[in-house]
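Novice: Take these sequences, add in the hints, and give me the full structure.
Spelled out, the chains give:
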Amino acid sequence: MEVILKVDSILKQFGELKAVNHLSFDVRKGEIFALLGPNGAGKTTTVRMLMDIIKPDDGTIEFFLSDSNLSRKPLPVQLGYLPEERGLYQEIPIIRTLEYMGVIRGMNKIDARKSSEMWLSKLELLDRKNEKLSVLSKGNQQKVQFISSVLHNPLFAILDEPFAGFDPINQETFLEIIKEMRDKGTTILLSAHQMHLVEKIADKVLLINNGKNIAEGTIDEIKKTSFAGEKLLITFEGQPEFSFFQNDDAVERFEVIKEGEIKVFLRQRKSLSGLLGKVASNIKITSVKTEHVTLHDIFVDKVNQDKERNDAD
Amino acid sequence: MQIKNDNNVKLVFEVAKWEFKRWFKIKEQVITILVASLISLLFFGGQTLLKEISDKEKKIAIINNSKIQLQFNKATNLKTSVNKNHQLDSLKEALFEERIDGILVFNDFDNVELFLNREPSWLNTVKEALTLERQKIKIEESKIPPEQLEDIFKQVDIKLSYTVQPKEQSASGEKFAAGIFIGLMLIGIFLGLAYQFVAITGEKQLRITEVIVSAISPQTWIDGKILGISFLSLSMLITYSITSIVFIYISFLFGSGWSIPITIADPLLIVRLFIFSLAGFFFWNTFFSAIAATINDPNTSARGSLMMVPAIPIAIAFFTLGNPDSVAMKFLSLFPLTSVPVISTRIVLTEVGIIEMFASLILLILSTWYLRKAAGKIFALSILMYGKEPTWKEISKWFSKSNK
Chain A
1 MEVILKVDSI LKQFGELKAV NHLSFDVRKG EIFALLGPNG AGKTTTVRML MDIIKPDDGT
61 IEFFLSDSNL SRKPLPVQLG YLPEERGLYQ EIPIIRTLEY MGVIRGMNKI DARKSSEMWL
121 SKLELLDRKN EKLSVLSKGN QQKVQFISSV LHNPLFAILD EPFAGFDPIN QETFLEIIKE
181 MRDKGTTILL SAHQMHLVEK IADKVLLINN GKNIAEGTID EIKKTSFAGE KLLITFEGQP
241 EFSFFQNDDA VERFEVIKEG EIKVFLRQRK SLSGLLGKVA SNIKITSVKT EHVTLHDIFV
301 DKVNQDKERN DAD
Chain B
314 MQIKNDNNVK LVFEVAKWEF KRWFKIKEQV ITILVASLIS LLFFGGQTLL KEISDKEKKI
374 AIINNSKIQL QFNKATNLKT SVNKNHQLDS LKEALFEERI DGILVFNDFD NVELFLNREP
434 SWLNTVKEAL TLERQKIKIE ESKIPPEQLE DIFKQVDIKL SYTVQPKEQS ASGEKFAAGI
494 FIGLMLIGIF LGLAYQFVAI TGEKQLRITE VIVSAISPQT WIDGKILGIS FLSLSMLITY
554 SITSIVFIYI SFLFGSGWSI PITIADPLLI VRLFIFSLAG FFFWNTFFSA IAATINDPNT
614 SARGSLMMVP AIPIAIAFFT LGNPDSVAMK FLSLFPLTSV PVISTRIVLT EVGIIEMFAS
674 LILLILSTWY LRKAAGKIFA LSILMYGKEP TWKEISKWFS KSNK
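Residue numbers (this note's numbering), protein chains in the order written: chain A, 1 to 313; chain B, 314 to 717.
Keep in mind that the hints are not guaranteed to be accurate.
Claimed, not checked - SDA-like cross-link-like pairs, simulated, lysine to any residue; straight-line CA separation at most 25 Å:
(1) B:K690 / A:S134
(2) B:K323 / A:D111
(3) B:K706 / A:S134
(4) A:K122 / A:E216
(5) B:K330 / A:K258
(6) A:K258 / A:T186
As the list claims (entries may be wrong) - Heads up, incomplete: computed chain B residues facing chain A, CB under 7 Å, no partners named:
(7) N321
(8) V322
(9) F326
(10) L519
(11) I521
(12) E523
(13) A528
(14) I529
(15) K706
(16) E707
Hints were generated in silico from the structure; no laboratory data involved. Every residue gets a Cβ at the ideal spot worked out from N, C-alpha and C, and that includes glycine.
Specialist: Next comes the structure, spelled out in structure tokens:
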């Protein structure tokens with residue numbers, strides 16, 4: 001797949017703080033690219049630089065959205081943007097606001113209206129098109145905000161926290177909508193905290209912390225470079241010692257989740273018989289189950305590793 | 314990174330149209346004119362009605378206990394009847410029953426009594442009639458011939474000789490019209506500024522700004538706002554001008570004696586005032602868009618008080634009414650902060666040279682152009698400062714940084 005966005009060593013500094021620290025990545029045409037990181041990792045600053053709302057202090061950002069555009073700068077009509085800081089005109093009928101959003105992105109008024117109505121219909125809001133945004137529920141306001149960012153059918157959409165504010169049903173709906181957009185040719189860069197949702201749709205993931213790249217690739221690739229095996233979830237009684245885990249080859253690491261519950265991450269292709277024997281003799285087990293390691297686990301692990309490295313430095 | 318053309322005229326007009334339509338409500342304008350018409354009808358109609366009531370013929374019974382012949386002027390609304398002293402009680406009864414309005418008991422000029430049910434609006438008429446009667450008698454008693462008396466009270470006449478040809482003095486009607494125009498301009502400027510503040514700070518508070526500037530450049534956005542709100546101010550000026558004309562016309566119908574001076578209806582004058590008003594609205598809206606861009610919350614920001622700044626040139630413009638051709642007023646006609654109200658007033662009151670008008674307009678347009686650039690830069694720099702209002706020091710630092 002051809003590269004559609006090339007970010008090369010961008011730096012953004014606010015005073016002494018390097019919010020984005022020489023970050024580089026590529027996004028390929030037709031993929032869903034997830035930008036992940038804890039709060040303050042530099043995701044929103046990166047997104048704002050991509051949208052040209054703020055300028056990088058160093059590095060380059062190049063879009064390859066059409067052959068004719070040699071400037072490597074996208075046209076507003078080619079980009080869609082759902083910002084983390086949400087907001088639309090509260091006291092104006094929804095359809096008028098959507099038309100305006102389409103027009104300032106380069107659509108003509110008729111197309112903007114048609115597309116707005118199509119999206120409103122898709123999200124079951126068409127009958128409310130003449131109502132003011134302020135009378136809608138928070139979830140429905142989020143839907144209108146989403147429509148405003150994609151109604152012009154952009155080639156590249158940047159969605160900052162697209163699932164925030166939605167209930168699980170609507171989160172699933174938006175997963176399908178994002179996939180559908182990708183299938184119709186829109187490349188998507190999204191930033192989200194809901195790892196279980198990202199895992200379902202992301203073709204590629206970039207994990208950042210302190211403005212730096214800490215892991216990048218497809219979910220499978222990241223899992224391979226990580227403790228991508230299984231994990232044991234053990235519930236128990238009493239207050240046992242867990243030091244035996246540290247000396248076992250099969251254990252990558254363990255986490256006491258809460259009193260009476262521990263999560264043990266297992267190395268791939270290691271025999272568990274020794275480990276299970278130790279567990280049985282040291283812990284009064286009430287239940288055991290195995291689970292696949294999730295993106296969330298990898299995310300936490302990578303961020304912790306990065307933190308440990310930084311602390312050591 | 315995106316191609317956001319600063320000179321995208323189409324987008325500027327789209328934003329301007331949006332801003333204008335967002336705030337302009339034709340229904341409100343029509344209601345304003347109708348309410349003003351109704352108020353002026355009630356005010357002047359009521360005044361006329363009250364006058365008619367008070368002008369109704371008043372019946373005064375006179376009991377003249379002296380030998381002086383009292384003759385009330387027939388032009389007054391007083392209808393007098395002569396009565397005898399013994400009729401006083403029956404007259405009092407008639408007064409109580411409101412068949413008559415008063416009983417005047419005249420003994421001599423130093424001893425006059427008036428019986429009434431309530432305070433009379435016609436008291437001065439009676440006083441004037443008696444005073445005239447007294448003067449007539451005293452003049453007759455002094456035996457001075459009327460010609461001599463006239464000569465005694467004759468005023469001194471002064472012949473005025475000018476060394477230079479004097480300019481035609483503005484009529485009081487024109488001064489009145491100029492005063493009203495300054496007032497209307499003040500309303501237009503202040504309402505425009507209020508909308509500009511709400512439009513800019515409101516979008517920042519609602520977090521709309523980031524969505525908008527991801528599609529268009531801050532300069533395009535602020536240009537559109539300035540254009541839209543300036544036309545909104547102009548529409549308000551037109552509405553309030555119509556309201557004033559309706560007010561004056563209704564007052565004229567009810568005989569107030571007010572009228573619109575014929576010179577004000579001159580199409581050339583209207584065009585000139587229109588151009589300067591529009592230029593003024595552009596200037597002040599640009600000035601305040603830059604300030605509003607730095608404000609986070611208009612309810613708590615001290616910078617909101619800067620909205621009072623346009624009151625200063627408007628106040629200066631009122632001095633123009635006294636001496637529109639003074640050197641100071643000619644200078645203030647060129648200075649962009651004061652030029653619009655001052656030159657507009659001078660255009661109504663006196664003859665302003667075409668070169669002077671052009672110079673004033675060009676200086677105004679140039680300063681608006683540079684202010685607009687500054688407003689765009691300040692807005693672009695302060696756009697994402699949620700929750701913190703930048704200090705003037707920070708703004709000037711950004712500004713000099715962005716100019717490098």
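Novice: Each hint: holds or not?
Specialist: Status of the hints after comparison with the structure:
1. B:K690 / A:S134: Roughly 32 Å between the alpha carbons, so the hint for K690 (chain B) and S134 (chain A) is violated.
2. B:K323 / A:D111: 17 Å, holds
3. B:K706 / A:S134: 37 Å, violated
4. A:K122 / A:E216: 34 Å, violated
5. B:K330 / A:K258: Given pair K330 (chain B), K258 (chain A) is violated - Cα atoms ~59 Å apart, limit 25 Å.
6. A:K258 / A:T186: 43 Å, violated
7. N321: 10 Å, violated
8. V322: This hint is violated: V322 (chain B) lies away from chain A, its Cβ roughly 14 Å from the closest one there, beyond 7 Å.
9. F326: 11 Å, violated
10. L519: At about 4 Å, which falls below the 7 Å cut-off, the nearest Cβ of chain A leaves the hint on L519 (chain B) intact, so it holds.
11. I521: 5 Å, holds
12. E523: Constraint on E523 (chain B) satisfied, holds at 5 Å.
13. A528: 5 Å, holds
14. I529: With a closest approach of 5 Å, the I529 (chain B) hint holds.
15. K706: At 15 Å from the nearest chain A Cβ, K706 (chain B) fails the 7 Å test, so the hint is violated.
16. E707: 12 Å, violated
Checked against the numbered hints listed earlier, the structure breaks hints 1, 3, 4, 5, 6, 7, 8, 9, 15, 16; every other hint is satisfied.
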